[in-house]
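J.: Add chain B to chain A, keeping to what the hints say.
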Amino acid sequence: MTALLHIWSGYLRLVDRWPSVGSIVPFLPLIALWWLVTTLEVFPRVFLPGPLDVWKSFLSLTYKGILPEYLQDSIVRLAVGAFWGIALGIPLGLLIGLSKRAYTALWPPLLFFQAIGDIAWLPILVIWFGYGLVTMTFVIVYTVIFPVVLNTVLGVRSIPVNMQRAALSLGASKLQVLWEVVLPGALPNIVTGLRNGLGYGWRALIAAEIIVGTSGIGFMMFDARRAGSVVEILLGMIILGILWYIVDSWILAPIERATGQRWGLVTK
Amino acid sequence: MKSLTLKNLSKTYFDLYAGTNVTAVHDVSLEVPAGEFVSIVGPSGCGKSTILNMIAGFLSITGGDILVGGTPVKGPGRDRGVVFQNFALFPWRTVLENVAFGPKMRGVPKDEREAIAHEYLALAKLTEAAQRFPNELSGGMQQRVGVMRALANEPDILLMDEPFASVDAQTRMTLQEELTRIWQEKKPTVIFITHDVPEAVFLGNRVVVLTKGRVLADIPVDLPRPRAWDVLHEDDTFKALSGRVLQLVRSA
Numbered sequence: 001m002t003a004l005l006h007i008w009s010g011y012l013r014l015v016d017r018w019p020s021v022g023s024i025v026p027f028l029p030l031i032a033l034w035w036l037v038t039t040l041e042v043f044p045r046v047f048l049p050g051p052l053d054v055w056k057s058f059l060s061l062t063y064k065g066i067l068p069e070y071l072q073d074s075i076v077r078l079a080v081g082a083f084w085g086i087a088l089g090i091p092l093g094l095l096i097g098l099s100k101r102a103y104t105a106l107w108p109p110l111l112f113f114q115a116i117g118d119i120a121w122l123p124i125l126v127i128w129f130g131y132g133l134v135t136m137t138f139v140i141v142y143t144v145i146f147p148v149v150l151n152t153v154l155g156v157r158s159i160p161v162n163m164q165r166a167a168l169s170l171g172a173s174k175l176q177v178l179w180e181v182v183l184p185g186a187l188p189n190i191v192t193g194l195r196n197g198l199g200y201g202w203r204a205l206i207a208a209e210i211i212v213g214t215s216g217i218g219f220m221m222f223d224a225r226r227a228g229s230v231v232e233i234l235l236g237m238i239i240l241g242i243l244w245y246i247v248d249s250w251i252l253a254p255i256e257r258a259t260g261q262r263w264g265l266v267t268k
Numbered sequence: 269m270k271s272l273t274l275k276n277l278s279k280t281y282f283d284l285y286a287g288t289n290v291t292a293v294h295d296v297s298l299e300v301p302a303g304e305f306v307s308i309v310g311p312s313g314c315g316k317s318t319i320l321n322m323i324a325g326f327l328s329i330t331g332g333d334i335l336v337g338g339t340p341v342k343g344p345g346r347d348r349g350v351v352f353q354n355f356a357l358f359p360w361r362t363v364l365e366n367v368a369f370g371p372k373m374r375g376v377p378k379d380e381r382e383a384i385a386h387e388y389l390a391l392a393k394l395t396e397a398a399q400r401f402p403n404e405l406s407g408g409m410q411q412r413v414g415v416m417r418a419l420a421n422e423p424d425i426l427l428m429d430e431p432f433a434s435v436d437a438q439t440r441m442t443l444q445e446e447l448t449r450i451w452q453e454k455k456p457t458v459i460f461i462t463h464d465v466p467e468a469v470f471l472g473n474r475v476v477v478l479t480k481g482r483v484l485a486d487i488p489v490d491l492p493r494p495r496a497w498d499v500l501h502e503d504d505t506f507k508a509l510s511g512r513v514l515q516l517v518r519s520a
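Top to bottom, those sequences are chains A and B.
Going letter by letter, the first sequence gives residues 1 to 268 in our numbering.
Going letter by letter, the second sequence gives residues 269 to 520 in our numbering.
Chain A extracted, bound-state conformation:
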């Protein structure tokens, strides 16, 4: 028991010094288990290939240039969709959070459209825009925008009323209050909204690629199904997870630490 505790505290110290160790080590038991199951051939190899097969497939697809191209397609689609989702979602959220009239007018339709899931739009989008970037972008914007709007509204509403009063009595104009108080005050919630929104957007993108795609990671996986290549399906799934992990822990989490946590608005 004490030996285990020693190993654990040693591991914690290691992670403290090299944080990247902490993002790899938890996956080792999973990979080991996967390797064990496939080596013992609990399931036929065709249905469940091992880690080594997937690695080989990764190397060959990268070498052929298919994987980098598809990866780029998916990431560009997500970036374009996320950009518009953020560019529309934050102003809309600020408006609804600040104005009672905007809230009264826009909140009911917002909830109505939120209920119509992104994928439910695909049939009609394909008829309107065909199998292209417009359809994909629409789906991603649609997915990203709701968490961003809802969290921005929440953020605006959670700013103490005295904070705006303080700014006004220090001589701030309405526009200055928006820029100096409302926006930074809502920022921790906006970042949370982005984190959720991009997570949902990433999943929606893969779903869209599976249904309407002609390239991208989702398309690769669905195409592999047609060819009966389980290796490539697994590879696609793993890439999805790794990519999101990178986006979340290298981009979004640091933003969260630099804002809300630094200011004491969010507990660490």
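Read the hints as simulated data drawn from the structure, not as lab findings.
For glycine and all other residues, C-beta sits at the position ideal for the given N, C-alpha and C.
Honestly, I wouldn't trust all of these hints.
Stated by the list, open to error - Within a straight-line C-alpha distance of at most 25 Å, the following computed DMTMM-like cross-link-like pairs (lysine to aspartate or glutamate) qualify:
| id | chain 1 | residue 1 | chain 2 | residue 2 |
| --- | --- | --- | --- | --- |
| 1 | A | K174 | B | D503 |
| 2 | B | K455 | B | E404 |
| 3 | B | K507 | B | E430 |
| 4 | A | K174 | B | D424 |
| 5 | A | K174 | B | D295 |
| 6 | A | K174 | B | E365 |
Unchecked claim - Coverage of chain B stretches by chain A, computed from C-beta distances (three or more under 8 Å per stretch; other residues unrestricted):
| id | segment |
| --- | --- |
| 7 | 323 to 331 |
| 8 | 346 to 352 |
| 9 | 367 to 374 |
T.: Structure of chain B alone, referenced to chain A:
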């Protein structure tokens, strides 16, 4: 510095739960000459915070007038600086940036407004804390920043809404002494709201006792300055005045 005049000030609002009109402030008249320090004291619910919020322009008035230097008040403005009970500092700004906020809003260049802020921080012995964020400071230090943020904007009138109610007793006494010192140096017109009778007497040139939305008494405080707790604790005039005000507050 400017004078403050309240003329037959009233505030009536509709209480949604009771379903009736409630009068929080009833025909209050008050004349505060420029550079005077007035304490307004009263039990909770006496309307003292409502009056302050109306002077600040945060609440609309339903009767009477509020004049600052003879001009009627219309909404919040930089001529009336406010110090809040819960500090209301901007958590995303450093202490220095908080104090420089007012000058920034009227377009004072960065170097200049930071010089102003440093000057006021020095006044409250906060120079060391300039680059820290508010959440890294103790309550007492946060409120020092709150007072300096209001003063650095050079308001005509300083409005203080129970500013020391949420700091511990020892810190509160230090802050009170500091406030009297700073007031003597800068001589702003101050309206200080509190429910703490000794505090009201210790700080003010005058103590206005408020009960049920009306002025009950207006008592001059003729204690020498600078004021210090060590001296006033044993002072007979201070004790007599505090006793009298306390009686008035409790009689309501």
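J.: Would you mind marking each hint as holding or not holding in the structure?
T.: Taking the hints in turn, this is what the structure says about them:
1. A:K174 - B:D503: violated, 49 Å
2. B:K455 - B:E404: violated, 31 Å
3. B:K507 - B:E430: Given that 25 Å is the threshold and the Cα spacing comes to 22 Å, the pair holds.
4. A:K174 - B:D424: Holds: A:K174 and B:D424 sit about 22 Å apart, inside 25 Å.
5. A:K174 - B:D295: violated, 32 Å
6. A:K174 - B:E365: holds, 19 Å
7. 323 to 331: holds (count 3)
8. 346 to 352: With 5 residues closer than 8 Å to chain A, the segment 346 to 352 of chain B meets the three-residue bar; holds.
9. 367 to 374: Coverage by chain A holds here, the residue count being 4 at a Cβ distance below 8 Å.
When the structure is compared with the earlier hints, violations turn up for hints 1, 2 and 5 and for no others.
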